[in-house]
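Engineer: Sequence:
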Amino acid sequence: MRMQFWKDTIDKVYAKKAPQQPIALALEDALQHSDLSSMWFKRIITERMANLDDHPFMTIKDMEDYGENTASSLLYLQLESLGVRDVQVDHVVSHLGKMMGISTFLRSLPFHLGQKRLVLPAQITAKHNISQEDVMRGNIDGVEDAVFEVATAAYDQLLTARSLLDTVTPDAFPVILSSIPHVRYLEKLEKHNFNVFEPKLQLKDWKLPLVLWSNFRNRKI
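Using this note's numbering, you'd call the opening residue of the sequence shown number 218 and step up by one each time.
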């Protein structure tokens, strides 16, 4: 019901009949200054509706599709807010969004496992002999190997995006920087041997502002 409310709200805002609701009014105001496509908002909502029951993904590609439909869509909207419409930049953002979607699930894995939910792709958990019953009993042997395989897929998306950075125009680069917190998490995850339960992975990254400034200056991620 709540997601349907947001779909209806988006329709009303774009029909110039925004309800008296703070977010709707903020979006209405944003549309006065930026040409934001409604399809990106709807795609985010539709994908979230499809995942409300917390069912596990079947494959890594399913995770990548989730990232494309959520994180990438947000990045496309950020580009539009800056007036950037460039197919090459969209290509980079698509790969980054997939990486961000995967890293978000990896970072949330301790919480989900604590709630006895298995959100890693079923294809991967089956390969590493991890079952829902194991999770329910608190037996999480083999998770590091599964996390490594999923994180590798995220790295592959990141490497592809990095190989295309030369196509990103200067006005679009601030949007690209949205990926840096996720890149930092993946780097730390590797440093700790893909143990998602490492307490240091949940700490705030006090170096992040400096890293963002450095990456912006050097145009890298």
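Please keep in mind that the hints were generated in silico from the structure rather than gathered at the bench.
Here the structure is a predicted model, which is why all the values come from computation and not from measurement.
Heads up, some of the hints might be wrong.
With a straight-line Cα cutoff of 25 Å, these simulated PhoX-like cross-link-like pairs (lysine-lysine) come out [what the hints assert, rightly or not]:
| id | residue 1 | residue 2 |
| --- | --- | --- |
| 1 | LYS437 | LYS405 |
| 2 | LYS233 | LYS278 |
| 3 | LYS424 | LYS437 |
| 4 | LYS405 | LYS421 |
Engineer: Please name the hints from earlier in the document that this structure breaks, with their numbers sorted from lowest to highest.
Structural biologist: 2
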